[in-house]
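Student: Two chains, two frames, a set of hints: combine them into the complex.
The residues making up each chain are set out below.
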Amino acid sequence: MIKINRERCMYCGGCVGVCPANALTLNETMLTVSEACNDCGICVKFCPVGALEV
Amino acid sequence: MEVECLVIGAGPAGSMAAKELASKGIETIVIEKRQEIGAPKRCAEGVSKHSLEKLGIKVHELGIARTIKGAVLYSPSGKKVVMEGQGMEGYVLERKVFEKYLASEAIKEGARYMVKTQATDMVRENGRWRVSIKNLDGEDEIIANLVIGADGVESKVGRWAGLKTLNRLTDYHSGIQFEMAGVNADENYIHLFFGNEVAPLGYAWIFPKAFSANVGLGILEKGAKMRAYDYLKKFIEEHEDIFKNASPIEINSGGVPVAHFTGMAADGVMLVGDAAQLVNPIHGGGIVRAMHSSIMAAEVAEQALKEKNLSKERLMEYENMWNEEYEEKTNKLLKLRSFLEKLEDKDFELLADILEGEDIFQLTQAKLSFFLKKLIKRPSLLGLATKYLRD
Ligand SMILES: Cc1cc2nc3c(=O)[nH]c(=O)nc-3n(C[C@H](O)[C@H](O)[C@H](O)COP(=O)(O)OP(=O)(O)OC[C@H]3O[C@@H](n4cnc5c(N)ncnc54)[C@H](O)[C@@H]3O)c2cc1C
Ligand code: SF4
Ligand code: SF4
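Residue numbers (this note's numbering), protein chains in the order written: chain A, 1 to 54; chain R, 1001 to 1391.
Same shape as in the complex, but just chain R (with noise of 0.2 angstroms):
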């Protein structure tokens, strides 16, 4: 089989990719390894409704299993902050059915996909790639033009095609998650926890949907003194009051990517997604930065090929363009992360004391110079100011 543009995965960045390249007349297929887009899950399924809005992309009200009205914050000792209005809605979503709303979309364009169908080796030859693929009739491949590597963080299409997706166990979170039912925990706001005891150096979260909630918690290795499953039975347990009556109807886990990447293209591959570890490096939402990298990718991908030239230097416009509009935000939220990695339970505390919900969504947007204002203010917060101003 030959075929312009070969998208490998399924997830919001190879069905984003794969809509947006249909959508501008080129040739697509999408191979996706599982027998179900969507499922299971590795994911607390919350997007923000401001970022969906920026991108123009609408979600399939099917796909929306409750809708956000801000966030609160927990403290170690349980000190709340809550953040809400403008910019803070958003929507916990249902991924099967909106990974499965956005294929169908993609397919509505011209796209064609292949499920329980494995890419299983990448060779390039007379300057395309040969891709080798499993599935339900047997081993077959497909010769591509243009690869678009959507295989999330197990991104095999990076490796074969000699780029960087290797993860590092510092920049990567263990997360696990139950979803349960029975949850008393408000239903209009996302709750978040924080604490070395709670989650090392990462936080907890419930996520309120239908008519239940995703409950779990990220963790990273080097602060952690036991696996993320039994920090979450422990959270669990140390919350009587909202898991009383709660039960796992399923559980998830998962790695996620919280580092800033380089060399997302080679010649006739573009990595997006996971698979390049476009992750926010603070809150580790990636479902929208993951659109957002297909978005772009097939923007350049439509030129590229126009102009017959498929060569890595080409295709690095992709990265270009996305490090425009994110490499210096990126290294802000990872210098904040470094910085939040060095807190001690008092610290939180303190912040705890200080900041707004508002200031906090201005942190998690990398607008920080009012936070260091805040910090070198008050003689009390020395401490904190000289943990953030160092490295």
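If we strip away everything but chain A, and leave its shape as in the complex, we get (with noise of 0.2 angstroms):
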């Protein structure tokens, strides 16, 4: 499962529509993911400031 940096994150939700597994959800400036994420890395590719990490 990805790993969450919330000190980076700026919680833009731009990474919620990249995830094929539908796994990750963002609610005000709380990034989440769950069991579903297959670490394919798709949004830590696309992520802005580099607040993800496999």
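No lab work stands behind these hints, which were simulated from the structure alone.
It is possible that part of the hints are untrue.
[What the hints assert, rightly or not] Mimicking BS3-like on lysine-lysine, the simulated pairs with C-alpha atoms at most 25 angstroms apart in a straight line are:
id, chain 1, residue 1, chain 2, residue 2
1, R, 1234, A, 45
2, R, 1079, R, 1244
3, A, 3, R, 1225
[Unchecked claim] Computed from the model, here is a short list of chain A residues facing chain R with C-beta under 7 angstroms:
id, residue
4, 12
5, 16
6, 17
7, 18
8, 22
9, 27
10, 48
11, 49
12, 50
Glycine included, C-beta positions come from ideal geometry on N, C-alpha and C.
Tutor: In structure tokens form, the structure reads like this:
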């Protein structure tokens, strides 16, 4: 499951829109990742600030 | 709770849909997961005056941070092309105010709003949608005949309804922006910077506001050697003349869908705005398109509700309407986009030499035939012409 660096995350929701497993959800400033994550790394490649890590 | 129409998301798309639906006498509830509509923005806030006027959309003066005369384009080596005159004027908005004003207009028409209220799931039941929500009052459900998915790039509504709202990295700009004070750039223009070292497969921008400016860029991952954030820091460092005395007062980021989307409706559901990836694939502007899609969706909704037929087939008329207006143009712009993606920095320099401001305006409007003529006329541009014609 990917790791979210909460100090870096800008809670923009951009990663949510590219997750093929629909594993990401953003509510206000809280990005969460569910069990559905398959470590594909697409969200990591997208994140403009590098807040995600496989 | 039961309602005729539930709008999920209160961005420009959602509030425009709510305003239109409510003004047609349709019972409408809007839910927005944020505690404040419009903030934080994920946007450079630029809109064309001409496109707004064409749709008859009036922006409240408090929502306008600056009126713009035109655009200045910069090649990688710094050559400038100025675009101004008819059709080039625009506004840089204060989106937080602009969006709250839009919401107030919808409320004036009779729509009801709930903020800090997130849709968490949606299931089809007896020809209606049962939408689960969460807010300060706990968990609840709203049963709706029609759901308008205005939930932006994150769109879950589309996924719950079985529509293909997943964005592909190849068609999805990674965007980052500092809103800065102390920027030294002509405030009457927006400034756009091109080059594969500046913003690979995208561009960097400076959009002046009342006392600040949005300074940002969008890149495509496949062309990038580092994060969007790193490109922005580099851009600021390399333009000391502009940013010597500037500091950020806000940071934004986000995804910009630059694709052509199909399948905008399902039984009892229509997707509007970014949820349906309705952004201009060349400049990434999505505010006006979002509002236009909502006007169309509301028109179809009104008829479909009267006929008591909210089937996918009926609601797909919305997509037909959209395509009639935008499909040809979008396809041309996508072709232009794939051309621009092939350009090396030296090609940008060539373009800066041959294109006038007005030409570029035509390009962004997808009036492209002149462009090919221009390319073919000069032998030195043969390389560019083949890049354009290929694929
Ligand atoms: C960096 C950047 C710069 C941009 N610059 C420009 C520009 O200069 N000009 C321009 O025209 N466009 C620009 N865009 C694009 C523009 O921001 C979007 O096209 C526009 O916001 C789309 O409006 P929308 O209403 O469809 O979506 P959004 O404005 O994203 O609104 C969606 C709303 O839905 C809410 N929501 C999502 N999920 C749920 C849920 N489950 N429950 C309840 N609410 C939910 C969200 O909180 C949000 O408020 C830019 C985008 C980015 C990222
Ligand atoms: S894309 Fe990056 S900054 Fe944006 S919400 Fe996802 S992790 Fe956070
Ligand atoms: S790694 Fe892949 S599956 Fe996991 S959250 Fe990111 S995009 Fe989704």
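Student: Less than 7 angstroms between beta-carbons is the criterion; does residue 22 (chain A) satisfy it with respect to chain R?
Tutor: Holds, because the Cβ-Cβ distance from residue 22 (chain A) to chain R comes to roughly 6 angstroms (cut-off 7 angstroms).
Student: Does the CB of residue 16 (chain A) sit less than 7 angstroms away from some CB of chain R?
Tutor: holds, 4 angstroms
Student: Within a Cα-Cα threshold of 25 angstroms, do residue 1234 (chain R) and residue 45 (chain A) meet the stated pairing?
Tutor: holds, 19 angstroms
Student: Does the nearest C-beta of chain R fall within a distance shorter than 7 angstroms of the C-beta of residue 17 (chain A)?
Tutor: holds, 4 angstroms
Student: Classify the hint on residue 48 (chain A) as holds or violated, based on whether any CB of chain R lies nearer than 7 angstroms to its CB.
Tutor: holds, 4 angstroms
Student: Quick one, are residue 1079 (chain R) and residue 1244 (chain R) close enough, alpha carbons at most 25 angstroms?
Tutor: holds, 21 angstroms
Student: Is the shortest C-beta separation between residue 27 (chain A) and chain R less than 7 angstroms?
Tutor: holds, 5 angstroms
Student: Once the shortest beta carbon distance from residue 12 (chain A) to chain R is found, is it less than 7 angstroms?
Tutor: holds, 4 angstroms
Student: Measuring from the C-beta of residue 50 (chain A) to each C-beta in chain R, is the shortest one below 7 angstroms?
Tutor: holds, 5 angstroms
Student: Please check whether residue 18 (chain A) passes as an interface residue: C-beta within 7 angstroms of a C-beta belonging to chain R.
Tutor: Since the shortest Cβ distance to chain R is 5 angstroms, the answer is holds.
Student: Going by Cβ atoms only, is residue 49 (chain A) closer than 7 angstroms to chain R?
Tutor: Hint on residue 49 (chain A): holds, closest Cβ of chain R at ~5 angstroms, below 7 angstroms.
Student: Can the restraint linking residue 3 (chain A) and residue 1225 (chain R) be considered satisfied, given a maximum Cα separation of 25 angstroms?
Tutor: Status holds; Cα separation ~22 angstroms.
Hint check: no violations occur; every hint is consistent with the structure.
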